[in-house]
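**Student:** Listed here are the chains, written in short residue letters.
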Amino acid sequence: DQQVKQNSPSLSVQEGRISILNCDYTNSMFDYFLWYKKYPAEGPTFLISISSIKDKNEDGRFTVFLNKSAKHLSLHIVPSQPGDSAVYFCAASNSGGSNYKLTFGKGTLLTVNP
Amino acid sequence: SQTIHQWPATLVQPVGSPLSLECTVEGTSNPNLYWYRQAAGRGLQLLFYSVGIGQISSEVPQNLSASRPQDRQFILSSKKLLLSDSGFYLCAWSVVLGNTIYFGEGSWLTVV
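Order-wise, the sequence lines are chains A and B. Counting in my numbering, the first sequence runs from 1 upward without gaps. Counting in my numbering, the second sequence runs from 115 upward without gaps.
Calculated directly from the structure, the hints in this document are not laboratory data. For glycine and all other residues, C-beta sits at the position ideal for the given N, C-alpha and C. Each hint should be verified, as a subset may be incorrect.
[Stated by the list, open to error] With a cut-off of at most 30 Å between alpha-carbon atoms, the simulated DSSO-like pairs for lysine-lysine come out as follows:
#1 A:Lys101 with B:Lys193
#2 B:Lys194 with A:Lys106
#3 A:Lys101 with B:Lys194
[To be verified] One side only, chain A facing chain B, incomplete, derived with CB under 7 Å:
#4 Tyr39
#5 Gly43
#6 Pro44
#7 Ser49
#8 Ser93
#9 Ser95
#10 Lys101
#11 Phe104
#12 Gly105
#13 Lys106
[What the hints assert, rightly or not] Label pairs and their computed distance ranges (CB to CB):
#14 A:Pro114 with B:Ser171: 44 to 52 Å
#15 A:Ser74 with B:Asp185: 33 to 41 Å
#16 A:Gly96 with B:Gly166: 15 to 23 Å
#17 A:Pro40 with B:Gln127: 27 to 35 Å
#18 A:Gly16 with B:Ser191: 44 to 52 Å
#19 A:Ser8 with B:Val174: 21 to 29 Å
Input sequences plus hints: build the corresponding full structure.
**Tutor:** Next comes the structure, spelled out in structure tokens:
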């Protein structure tokens with residue numbers, strides 16, 4: 001039972017354009033959402049998070065949007081840079097519940113072409 | 115600032131041999147500690163987490179075990195490795211359970 005889904009295994013964009021990475025979840029108890037970036041053979045790096053009380057959070061070139069009714073979140077990277085090429089993982093948790101773990105999607109490989 | 119370090123970075127072990135991966139966190143007290151595994155083509159799977167010394171919760175039945183002998187030390191072990199134990203193992207820590215976690219560099223394990 002995959003509670004966090006990243007349906008696009010890969011995405012390719014041109015440098016300078018917008019990258020939009022999508023994530024869907026099924027557990028309505030999730031109230032905290034995160035995005036991580038991972039380079040090959042390295043640990044994931046925390047990028048940005050959003051609580052369910054918000055619908056948008058912005059940090060520099062990265063913006064996360066949350067649509068609770070659709071159980072959908074997205075990560076926008078503007079403008080995209082070649083150094084953004086990596087695997088991006090979406091994660092979710094029920095921060096106030098008894099199941100404390102972060103549930104991760106399977107990741108989307110972003111390639112930004114110069 | 116907080117840092118997390120795990121070792122060894124790469125490991126090639128024969129089937130049936132033991133395993134020990136070690137992780138330490140610096141710059142924080144009483145962190146929550148985690149072991150994740152990323153198998154080829156798959157997402158990040160939580161294996162164990164710990165909220166304190168000697169307190170280990172296992173998420174999935176498996177051939178592995180974890181221990182926390184000190185506040186900022188987390189160890190992943192196996193007595194006899196299986197081929198299916200191959201993967202990329204990640205140690206992580208957090209201040210609050212269910213909140214942002216921070217990962218180590220990862221350890222590649224190949225069981226041959």
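**Student:** Run every hint past the structure and note whether it holds.
**Tutor:** Quick rundown of the hints versus the structure:
no.	hint	verdict
1	A:Lys101 with B:Lys193	holds, 26 Å
2	B:Lys194 with A:Lys106	holds, 28 Å
3	A:Lys101 with B:Lys194	holds, 27 Å
4	Tyr39	violated, 10 Å
5	Gly43	holds, 3 Å
6	Pro44	holds, 5 Å
7	Ser49	holds, 6 Å
8	Ser93	holds, 4 Å
9	Ser95	holds, 4 Å
10	Lys101	holds, 5 Å
11	Phe104	holds, 4 Å
12	Gly105	holds, 6 Å
13	Lys106	holds, 4 Å
14	A:Pro114 with B:Ser171: 44 to 52 Å	holds, 45 Å
15	A:Ser74 with B:Asp185: 33 to 41 Å	holds, 38 Å
16	A:Gly96 with B:Gly166: 15 to 23 Å	holds, 20 Å
17	A:Pro40 with B:Gln127: 27 to 35 Å	violated, 22 Å
18	A:Gly16 with B:Ser191: 44 to 52 Å	holds, 48 Å
19	A:Ser8 with B:Val174: 21 to 29 Å	holds, 26 Å
In this structure, the hints that do not hold are numbers 4 and 17, in rising order.
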